[in-house]
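Asker: Those protein sequences? They're chains D and P, same order as listed.
According to the working numbering, the first sequence is numbered sequentially starting from 80.
According to the working numbering, the second sequence is numbered sequentially starting from 330.
It is possible that part of the hints are untrue.
[Claimed, not checked] Just some of the chain D residues that point at chain P, by a computed CB distance under 8 Å: (1) T111; (2) P176; (3) E187.
Rather than coming from a laboratory, the hints here were simulated on the basis of the structure.
These numbers were taken from a predicted model, which means no experiment stands behind them.
The beta-carbon is built from N, C-alpha and C at its ideal position, and this holds for glycine as well.
Chain by chain, the residues run as shown.
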Amino acid sequence: MKVLLGIGGSEDSFRALSQTVERAVAAGDELTVGIVENPETAQTPDEIAAAVEERLAAAGLDAEVRQIPGDPGAELVRIAEDEGFDSIVLGGGERSPMGKIRLGHIAEFVLLNSRVTVTLVR
Amino acid sequence: MSERPYPDEPAGPFPTPPRTFTDGEGREITIRVHEGRNGAADDAFDALVRMYVDFDPADRAQGIPPIGERRVRDWLDVLMGGFNVIAWHDDRAVGHATLVPDGAVYELAIFVHQDYQHAGVGTELIRLLLGYGASEGVERVWLTVERWNQPAVSLYHSQGFETTEAESFELEMSLSLDQSSVES
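Extracted from the complex, chain D is given alone in its bound form (with noise of 0.2 Å):
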């Protein structure tokens, strides 16, 4: 499987890493980790990247990792048509106090519009 994970900074976003990076290993999947702006966080892009690098040294897994500019669920979707992925995996959300899970506006966007099948990761 030809795998893109979009990752903005978020908690989220670091869970789907960690469990997309551990399937990729497992299932032998083809990774692509696309660094996306996401206004709701605070880290740069490249702490982010930075991160992304060290996790991926740590599985000892093979990934391309890219910055993605512009806005990041029109690009998502259109890099996953573009280039044949066969699937975009996102952070499934964050939980209020309460514990209501609210999902991020960049999983709302690619969930409505993309053609490819899209993993929330919880």
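Starting from the known structure of chain D, arrange chain P on it as the hints suggest.
Answerer: Chain P only, in chain D's frame:
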């Protein structure tokens, strides 16, 4: 997350618990404050757990209440750190409303057991919770609600909540309280 706006005008006034009323089905319902969790032998807490274990899964929203007694207990332990009122029909817990601390503000939610919906219990619960919260010094309250849940959205609007974000699957709403929000 961006800074959430709150209405300039405080909402209310709201009554304070306890209060007994007759619901739309002629049942006598009493709403009382629940003061956190009082040790292992807390009958009220256990009654509330039973309400949630029996909660219709189709009435879940945004991942809560969780499913299974163990998860329900863990989740309620978190909620007990805030302000809680429970609706009682005799010794059966049939509804619950809560204000959970979120920094200096509070997140609100209400739940009514499926056997007691459409009988006015939710309206009483939210009004008494807001009265209780205001009397305890709560000033800012927010919530999210699935945008297709029109009865809930109407209920929140009718009590003074204003929509602060409408671009997501969920609406976010907020409300302000002060001492004038407590019915004298």
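Asker: With reference to the structure, classify each hint as holding or not holding.
Answerer: Results of checking the hints against the structure:
no. : hint : in the structure
1   : T111 : violated, 27 Å
2   : P176 : holds, 4 Å
3   : E187 : holds, 6 Å
The structure shown violates just one earlier hint, number 1.
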